[in-house]
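J.: Residues per chain, in single letters:
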Amino acid sequence: MKVAWDGAELAFRLDPEDEITGRAADEHPVKLRTSTCAFGGVPDDAHPDLFAVAAWSVVAPWTRRRITFDRPVSAEVAQALHDGWGIEAGPVGGPPRTQGRTLAISYSGGADSVAAAAIFPEAPFVHFRRVPHPRVPNRWTHYRSDVLADLAKKTGRELTTVTSDLEFTLAEPRPGYPEHHAVAAGALLLADRMDLGGLAFGYELGSRWLGGDRYLLRFTPDNPMWAPHGAWGRLFAAAGVPIVLPVGGVSEAVTMRLALGSPLRAQVRWCLQGADGPCRTCGKCFYKEIIQAAVERRPLDTPLTADRAVVRKWLRKPPYGGMEMIEYGLARIPGVESSILAGALDYFDATEESTSWLEHCYPPALAEIPEPWREPASAFMAENAGLMTPGEARRVEEWGS
Amino acid sequence: MMRVLVPVRLRRAVRGWFDSRYISVADHRQDIKDALWEVQTLRREVVTLQQEVRQLTSRTGDAQRLSKETADALDHVLQNEVLVWQAIDGLKERS
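So the sequence lines, in the order shown, correspond to chains Y and P. Counting in numbering that gives the first Met the number 0, the first sequence runs from 0 upward without gaps. Counting in numbering that gives the first Met the number 0, the second sequence runs from 0 upward without gaps.
Accuracy of the hints is not assured; some may be wrong.
The calculated lysine-lysine pairs, modelled on DSSO-like cross-linking and capped at a C-alpha distance of 30 Å, are [to be verified]:
| # | chain 1 | residue 1 | chain 2 | residue 2 |
| --- | --- | --- | --- | --- |
| 1 | Y | LYS316 | Y | LYS30 |
| 2 | P | LYS91 | Y | LYS30 |
| 3 | P | LYS67 | Y | LYS283 |
| 4 | Y | LYS30 | P | LYS32 |
| 5 | Y | LYS283 | Y | LYS316 |
| 6 | Y | LYS312 | P | LYS67 |
| 7 | Y | LYS1 | P | LYS91 |
| 8 | Y | LYS153 | Y | LYS283 |
| 9 | Y | LYS30 | Y | LYS312 |
Source of the hints: derived by calculation from the structure; they are not laboratory data.
Please build the complete structure, drawing on both the sequences and the hints.
T.: Structure below.
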């Protein structure tokens, strides 16, 4: 793979061993559409390591053996690419980037990143906003990145919005981040200007420790995406922007509770499609409604019916990503047995007791938050969620076994 | 039933008064004919409009299909462009 930056425009070329179909860090196959993308709202004079890691977050799935950057990277970043992926990176030269002092939050506006924002009320936001790609007809106009960007503005927090079309480099499964970390590409390019020493994400217990989303669906202490000692964790740290997961130890029930109780409650939005409010009919709206109903201990409030595909998705036989929250909902939503979620009861023996671990914080998640942010995050969790008992922590550690 | 003898003049006056206030049977017939004619015209118009709607929907369906196929085809063109550059770079490296 060869990458070249022209200002904030990235272009890349495949080496002979690279292929159109690659794999993201979670092993999911991803197909390349086009090999250019651009960023707006970022400086063009960032440290070479920042350009390198930002580029890697886009091209990693399609790189097999080596990567050639257009400017020398530090030996530290080259080493992290070698250790994490077995990739030869070059040219190598120049000093590594000095870690800054500020923690920024990669802010999407969803419940998880709002919860992370509640823990660090002074931290500035970096918001990623999708814009169309000049070479790709936009068939996804229902995706309202403009609405999310406007909501981010209304939070009143210090905000930098980065625009990018990088998601259109992905043809399959659909436009999206080639690697989950590509959402941070803009924040990386801003790291020098913002004096960043860490970047906080809203990834929660399911993503970090339970191998959730489309990953392994089992306990993943060595998660290559989010563990500090994983490939991505070490690469971000080598560029002086270690990954910080303030809510990595708590479930989506806790992040939902924290988000709804936070000063940003009015701006929380997980739906990517609604314009004047959440659409209430997409898969994400329904999943989050299950969690919110459970947290608020009220019946499900949805216009959907059980025959809709977005509902049937949660009536499948486990395992699947997010199943812990379905079990949580089954145990706590009043009248769930006569709701459209009733079919899921066949697969779970859900009780409040069996799901209580999802209300507390998994202590090792706090231990891996880098200083100086570990202490405030730990204090916040102790006060607002409480720590898991050893028995509850075992539920995490035996997950999927 | 009781029959009452009404003077001819009075009878005419009353009839005349009635006739001036109400539409005649002949006029009614004509009105109904006109209405029926209008219904027939409207029916023909509805049929024409239905045909037009059918034509237009099939045309938007066509446009939709065409735009989707064009976008899909463009994906392949873009991918091929990447592969062509890969091949060019490979040749350059070899020579």
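J.: What hint numbers does the structure not satisfy?
T.: 4
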